[in-house]
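Enquirer: Protein chains in written order, with our numbering: chain V, 120 to 500; chain Y, 120 to 500; chain U, 120 to 500; chain S, 120 to 500.
Keep in mind the hints are simulated off the structure, nothing from the lab.
Where hints are given, some of them may not hold.
The list treats identical chains as interchangeable, and a pair is accepted whether it falls inside one copy or across any two copies.
[To be verified] Straight-line C-alpha distance at most 30 Å; calculated DSS-like pairs for lysine-lysine:
1) 473 with 347
2) 159 with 274
3) 150 with 270
4) 205 with 270
5) 205 with 133
6) 455 with 205
7) 348 with 280
8) 274 with 455
9) 473 with 455
10) 347 with 274
11) 274 with 150
12) 159 with 347
13) 270 with 133
14) 205 with 347
15) 159 with 348
16) 280 with 150
17) 280 with 159
18) 473 with 274
19) 302 with 270
There are 4 protein chains.
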Amino acid sequence: MPSNRGVVYLEPGKVEVQNIDFPTFRNPAGKTIEHGVILKLVATNICGSDQHMVRGRTTAPAGMVLGHEITGEIIEIGHDVEYLRKGDLVSVPFNVACGRCRTCREGDTGVCLNVNPERAGGAYGYVDMGGWIGGQAEYVMVPYADFNCLKFPDKAQALEKIRDLACLTDILPTGFHGAVTAKVGVGSTVYVAGAGPVGLAAAGAARILGAAAVLIGDVNRERLAHAKKVGFEPIDLSAHDRLGELVAEVLGVPEVDCAIDCVGFESKSQGSDGHVIEAPAVVLNGLMEITRPSGAIGIPRLYVTDDPGAKEKAAQRGMVSLRFGLGWARQTPVLKYNRQLMQAILWDRLPIGKIVNVTVISLDQAPEGYRNFDAGCPTNS
Amino acid sequence: MPSNRGVVYLEPGKVEVQNIDFPTFRNPAGKTIEHGVILKLVATNICGSDQHMVRGRTTAPAGMVLGHEITGEIIEIGHDVEYLRKGDLVSVPFNVACGRCRTCREGDTGVCLNVNPERAGGAYGYVDMGGWIGGQAEYVMVPYADFNCLKFPDKAQALEKIRDLACLTDILPTGFHGAVTAKVGVGSTVYVAGAGPVGLAAAGAARILGAAAVLIGDVNRERLAHAKKVGFEPIDLSAHDRLGELVAEVLGVPEVDCAIDCVGFESKSQGSDGHVIEAPAVVLNGLMEITRPSGAIGIPRLYVTDDPGAKEKAAQRGMVSLRFGLGWARQTPVLKYNRQLMQAILWDRLPIGKIVNVTVISLDQAPEGYRNFDAGCPTNS
Amino acid sequence: MPSNRGVVYLEPGKVEVQNIDFPTFRNPAGKTIEHGVILKLVATNICGSDQHMVRGRTTAPAGMVLGHEITGEIIEIGHDVEYLRKGDLVSVPFNVACGRCRTCREGDTGVCLNVNPERAGGAYGYVDMGGWIGGQAEYVMVPYADFNCLKFPDKAQALEKIRDLACLTDILPTGFHGAVTAKVGVGSTVYVAGAGPVGLAAAGAARILGAAAVLIGDVNRERLAHAKKVGFEPIDLSAHDRLGELVAEVLGVPEVDCAIDCVGFESKSQGSDGHVIEAPAVVLNGLMEITRPSGAIGIPRLYVTDDPGAKEKAAQRGMVSLRFGLGWARQTPVLKYNRQLMQAILWDRLPIGKIVNVTVISLDQAPEGYRNFDAGCPTNS
Amino acid sequence: MPSNRGVVYLEPGKVEVQNIDFPTFRNPAGKTIEHGVILKLVATNICGSDQHMVRGRTTAPAGMVLGHEITGEIIEIGHDVEYLRKGDLVSVPFNVACGRCRTCREGDTGVCLNVNPERAGGAYGYVDMGGWIGGQAEYVMVPYADFNCLKFPDKAQALEKIRDLACLTDILPTGFHGAVTAKVGVGSTVYVAGAGPVGLAAAGAARILGAAAVLIGDVNRERLAHAKKVGFEPIDLSAHDRLGELVAEVLGVPEVDCAIDCVGFESKSQGSDGHVIEAPAVVLNGLMEITRPSGAIGIPRLYVTDDPGAKEKAAQRGMVSLRFGLGWARQTPVLKYNRQLMQAILWDRLPIGKIVNVTVISLDQAPEGYRNFDAGCPTNS
């Protein structure tokens with residue numbers, strides 16, 4: 120059995136490359152499984168969320184092998200693996216997913232019901248995500264391999280593009296998910312908050328989705344220069360905080376079709392000048408102001424449920440304060456529904472008057488109606 | 120010219136039926152228009168959001184004619200109206216919408232760009248919604264009539280069901296919108312927060328959408344008794360506040376597929392026992408706890424942007440504090456996207472490595488990588 | 120090892136209950152698998168598509184064990200099955216699906232890429248569907264069991280409703296799929312062609328999806344009487360063939376929002392009176408005539424690729440002749456797309472003039488332009 | 120009143136530029152309207168469908184002013200036009216649409232119910248499309264102008280890109296519609312049948328939608344050379360007719376994710392070598408063979424309802440013969456629906472057993488069951 124080495128978390132601020140066990144076909148509960156493969160790593164990444172752990176913003180235990188971004192070559196195969204072969208070069212999603220539960224069947228592999236006894240959703244080398252051993256290592260075991268592995272069609276071609284393909288495990292789909300949930304499409308104008316790796320990936324995703332213009336805001340000049348170099352419109356947030364004006368300088372109007380929050384819960388990274396405090400909601404509220412009516416906002420970054428490192432008490436429990444009236448208080452578009460509901464009523468499918476307990480009153484009874492209004496839908500006539 | 124009478128807002132807590140002007144074909148800016156019709160009211164409703172105004176929770180001006188739920192018979196027609204006739208009986212959405220702007224064209228008539236100079240979206244008889252005269256009156260003018268009016272196919276049949284059809288202007292589509300945004304479908308289990316009129320309408324909407332079980336929670340026993348009588352599963356929130364347990368008593372599991380918040384910004388109505396304060400986020404956070412992973416929450420009720428009547432300063436600006444980690448922090452389902460993104464990379468459409476500035480390091484450089492991590496996506500290899 | 124008995128196809132028109140082998144954990148290629156379960160049947164159905172085989176309309180081989188609608192109790196479990204237990208009562212989709220390939224991951228289990236070497240999609244006890252042994256038997260093996268089995272939450276309750284639940288394996292989802300693809304929603308008016316089992320299931324599906332009115336057409340009086348009894352609007356096609364008129368008698372207009380073809384390739388079953396010939400396209404062309412502009416038609420029934428029993432040569436190869444102009448020749452709604460495409464042009468993302476090779480000519484050159492028109496998009500100016 | 124000149128259809132093969140009337144604010148029925156604008160043309164196009172008429176393939180009357188692709192400057196405005204100004208430069212969709220009927224409200228402006236007394240859908244300068252005067256002229260009237268016109272934000276910038284922007288009226292949205300209905304997305308492999316203008320527009324649309332590889336097939340070498348020059352993969356159909364092999368030479372596999380038919384009903388244009396006959400279905404059947412299971416086919420081109428110029432009698436009525444088994448006979452994915460349907464049954468919402476008339480029989484009664492099978496869903500047990 121070959122040796123193995125991996126990146127181990129020791130304490131806040133400290134990781135080390137250590138000798139670790141060679142992977143076996145066992146799940147975190149110790150049960151033997153037949154559906155896994157063992158990979159020799161070809162590439163892995165250090166992710167911003169790894170940094171969350173290493174900075175001590177989570178409850179990650181000492182001794183944990185880190186790394187959830189796994190690209191590698193198959194060197195061993197479990198008995199139940201039917202469609203992969205030794206030598207295949209594969210990309211592994213950071214989500215561990217069984218492929219058999221209700222959410223996996225629906226494509227929501229990020230909240231698999233079976234791979235984490237604590238709550239829905241598992242990951243490799245990550246705190247509270249089921250205890251799956253991480254992949255910043257020489258070798259790693261991937262369960263439910265037929266379901267989870269994406270095989271590259273041509274190995275030589277893939278190795279040439281490994282720098283790009285390594286981004287398939289997390290950062291690129293994460294940026295893409297943000298762009299998709301923000302409903303970016305052909306011709307969209309898009310604002311991305313944050314020019315870090317996830318922001319850049321979201322911007323790249325927006326462009327391949329057909330966006331007309333992709334703006335990317337940050338206070339960091341170097342990041343903005345890079346963003347410009349790779350084809351995006353930089354928005355320098357250190358100038359002033361009237362985001363609408365900054366957007367209008369590029370687009371002619373103070374609004375975008377879509378916005379993507381790539382700052383997330385450590386939103387202080389937004390500012391380096393001292394007066395910017397940790398305030399995740401600041402970013403979101405800003406996005407709500409510049410997003411056009413009926414536009415959408417994507418939020419791909421992790422918001423943790425508990426954040427022991429947060430300064431304010433509310434934030435420790437993952438609370439975020441939002442100006443709901445701006446973003447979600449959109450009115451019901453009645454015209455979109457009233458014809459079909461009329462038909463349901465006329466064909467006796469929906470006795471809504473009875474359900475909401477309509478009481479008929481005359482116009483002159485209206486003031487009294489206002490006083491008595493309680494559990495009903497009084498109809499003037 | 121016939122006389123007219125309507126319900127007029129005077130001051131917090133006070134409305135009166137007064138003589139008002141007979142409608143003319145002018146918009147609130149005073150411009151003559153040709154696309155309107157004048158209706159003789161057949162039914163209108165008093166809505167919870169009217170109550171918000173009358174309770175002084177908004178900046179509604181004295182003298183305003185109330186009423187945004189309009190069902191009536193056409194008695195006069197503008198020159199540009201082409202497809203309606205005198206005598207037609209029609210339902211009018213509470214949203215005033217031009218039918219010509221970008222959002223109307225897309226079906227988002229609730230945020231029409233042309234009917235309200237203050238912001239997107241107009242309504243009849245409502246504060247800050249463009250100044251359109253309300254319809255709790257004998258006669259009212261409806262602009263852009265061809266676009267806005269829904270004609271009932273058979274007048275006599277419609278008059279028989281007028282108690283039901285009067286709900287088409289607001290409450291039923293609003294409840295339906297909540298159920299639709301909560302993704303209620305055939306076989307769903309649904310929890311509706313609040314057994315007031317909107318909650319009941321949402322519950323009725325959930326049922327016609329095919330829900331298997333519709334639970335509806337409130338502290339008000341009378342409301343719960345009515346909800347049960349019309350076929351829903353009542354959840355008595357006065358018992359205790361462990362919502363999951365109450366749900367499990369009905370469904371066998373402490374979760375639902377979909378949840379709908381029909382309490383909205385006056386969520387204190389939730390409690391009558393004194394210790395329940397105004398806390399809109401309490402309801403939403405509760406819904407996030409009982410909604411299954413990848414389930415959805417619908418929020419049909421109005422959240423105002425500014426709430427002068429609120430007790431806490433943050434709430435006055437419409438701030439709501441949410442536990443984001445629970446509800447929206449769902450992980451990206453990588454497997455849903457990685458194949459198509461791989462193809463984009465392999466065909467040279469997406470140079471993501473360059474975009475996110477990948478730097479290749481060896482496994483042994485990982486600890487240093489963690490220290491240097493900044494604007495990049497270092498790839499171990 | 121217990122004995123086993125099953126329904127075996129012998130020759131056109133002839134089936135027999137015979138002793139057959141007890142199931143083993145092997146796939147049709149003979150390979151041992153660990154992901155299967157063995158079920159004791161509790162219910163199965165005879166399906167219209169079984170009849171296709173038995174009538175000799177397919178190339179089904181003699182000796183084949185029939186039956187693809189399987190509901191049963193688990194009595195044995197393979198080593199890789201992790202989430203099912205002995206004693207569980209489960210419903211099995213008629214599609215055999217691996218849960219691991221691209222189409223299964225996308226939810227299209229009807230065209231699984233791995234379970235049938237001939238083409239995409241497998242089934243139990245069915246010709247050309249991968250050789251999986253059928254379930255009109257005492258015992259049957261179900262592969263990829265964690266993925267394929269739907270467990271009933273309460274066994275006793277399920278046994279009480281077994282007549283209904285047995286329809287989950289094929290007929291009800293098939294009818295539902297037809298209604299979904301026909302875009303049936305709340306308030307829809309729906310026409311179902313064919314009052315056989317699939318037609319009735321589609322009608323039931325339409326109702327639970329919220330349809331306002333469900334019409335169901337057939338020539339068979341008994342079927343129509345049953346359809347009426349269970350709440351649908353019967354349309355007697357033996358009266359005459361002006362379908363629009365028959366629809367208008369019920370709805371007031373000669374059109375429906377949605378239509379579902381539940382007759383399929385044996386559309387002669389439509390008539391028993393001699394003058395009705397085999398003409399699958401007749402049904403579809405009729406549906407195109409009565410479906411409103413922008414309405415949809417669902418086609419849930421099987422159209423085989425080769426039909427050796429068909430009378431006409433074209434039909435033997437599964438050809439159907441359609442009036443395309445009526446149903447699919449809908450014009451592009453330009454307004455839906457032109458704004459976003461303008462943005463893509465204005466931001467230099469889409470050099471469409473160059474791509475389609477625009478040549479500028481003057482108005483007076485137009486006649487010549489018409490003569491020269493070939494591979495271009497000449498622009499008058 | 121200024122003079123006007125336009126392109127007039129005279130007889131098959133013959134058009135002429137003639138003096139024509141200056142536009143007025145009247146619709147084809149002669150009624151005065153207030154919602155129109157008069158444009159001075161800046162650009163228009165000759166379209167393939169104009170050629171259909173000029174070639175005598177339609178029933179277009181002599182004297183008709185041609186042209187449905189209109190880009191121009193507003194010089195006059197009706198009284199009811201509220202949001203456009205003289206001097207605005209606008210793009211006009213080829214579809215005439217009222218913006219007020221049910222289909223327009225839903226965004227399906229291609230089948231407007233009000234602008235054509237013959238059937239749903241209107242167009243300028245086109246046979247059977249409502250009699251609206253065409254725009255291959257100096258001036259033209261556009262009705263429902265607020266709804267129909269897309270204003271360019273910057274006139275000078277727009278004039279610079281007029282060659283591109285002129286394609287917004289028809290060809291580009293038509294190609295885009297084909298790509299959208301074929302479900303082209305990021306990373307898709309796409310095959311476009313036909314390298315004429317619509318094919319090239321569809322290919323360009325596929326690329327902006329994020330396609331990884333866009334193949335475009337034709338027999339015309341010049342067209343293929345142009346397609347290659349603008350970045351697509353040319354497929355030379357004159358080589359041989361095994362389309363799958365030609366596709367595999369480029370993609371490595373004989374299938375694509377999406378296919379778009381840009382040949383349409385004059386599919387003989389496919390071949391110039393004599394042995395290629397008029398056979399619209401040939402193209403579609405070919406596309407069905409190379410499109411992956413669960414892939415989609417877009418059909419943007421016009422299929423006329425009646426084609427007096429067709430050689431075969433069936434084709435004269437717009438009949439197309441399709442191998443349905445290949446393309447649409449996909450099986451129902453039961454797993455997608457069975458859980459929700461189970462819930463509907465368990466909560467007594469869907470008495471499907473009663474609806475489809477389940478009859479319970481024993482296994483031994485199966486052969487008899489097969490004989491008696493008629494209007495039921497017999498359940499073995």
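Enquirer: Against this structure, judge whether each hint is valid.
Expert: The hints, checked one at a time:
1. In this assembly of identical chains, the alpha carbons of residue 473 and residue 347 lie at most 30 Å apart only when taken from different copies (12 Å versus 61 Å within one copy).
2. For the identical chains of this complex, residue 159 and residue 274 are intra-copy neighbours only, at 14 Å inside a copy versus 46 Å across copies, given an alpha-carbon limit of 30 Å.
3. In this assembly of identical chains, the alpha carbons of residue 150 and residue 270 lie at most 30 Å apart whether taken from the same copy (26 Å) or from different copies (23 Å).
4. In this assembly of identical chains, the alpha carbons of residue 205 and residue 270 lie at most 30 Å apart only when taken from the same copy (11 Å versus 35 Å across copies).
5. Taking the shortest Cα distances, residue 205 and residue 133 never come within 30 Å of each other, neither inside one copy (36 Å) nor across copies (48 Å).
6. When the C-alpha separation of residue 455 and residue 205 is checked against a cutoff of 30 Å, the pair qualifies only between copies, where the shortest distance is 24 Å, while the shortest distance within a copy is 54 Å.
7. Taking identical chains as interchangeable, the C-alpha atoms of residue 348 and residue 280 lie at most 30 Å apart whether they share a chain (21 Å) or sit on different chains (25 Å).
8. In this assembly of identical chains, residue 274 and residue 455 lie within 30 Å of each other by CA distance solely across copies; the values are 22 Å between and 51 Å within a copy.
9. Proximity of residue 473 to residue 455 under the C-alpha cut-off of 30 Å is restricted to the intra-copy arrangement: shortest distance 23 Å within a copy versus 35 Å between copies.
10. Taking CA atoms no more than 30 Å apart as the test, residue 347 paired with residue 274 passes between copies only; the shortest distance there is 27 Å, against 33 Å inside one copy.
11. Taking CA atoms no more than 30 Å apart as the test, residue 274 paired with residue 150 passes between copies only; the shortest distance there is 28 Å, against 33 Å inside one copy.
12. For a Cα distance limit of 30 Å, the shortest separation of residue 159 from residue 347 qualifies neither inside one copy, at 37 Å, nor across copies, at 40 Å.
13. In this homomeric assembly, residue 270 and residue 133 never come within 30 Å of each other (Cα to Cα): the closest approach is 34 Å inside a single copy and 47 Å across copies.
14. Taking the shortest alpha-carbon separations for residue 205 and residue 347, neither the intra-copy value of 42 Å nor the inter-copy value of 38 Å comes in at or below 30 Å.
15. Taking the shortest alpha-carbon separations for residue 159 and residue 348, neither the intra-copy value of 35 Å nor the inter-copy value of 42 Å comes in at or below 30 Å.
16. Proximity of residue 280 and residue 150 under a CA criterion of 30 Å is satisfied in neither setting, with 37 Å inside one chain copy and 37 Å between copies.
17. For the homomeric pair residue 280 and residue 159, the shortest alpha-carbon distance inside one copy (18 Å) is at most 30 Å, but the shortest distance between copies (52 Å) is not.
18. Proximity of residue 473 to residue 274 under the C-alpha cut-off of 30 Å is restricted to the inter-copy arrangement: shortest distance 21 Å between copies versus 66 Å within a copy.
19. Proximity of residue 302 to residue 270 under the C-alpha cut-off of 30 Å is found in both arrangements, the shortest distances being 28 Å within a copy and 23 Å between copies.
Violated hints for the displayed structure, listed by number in ascending order: 5, 12, 13, 14, 15, 16.
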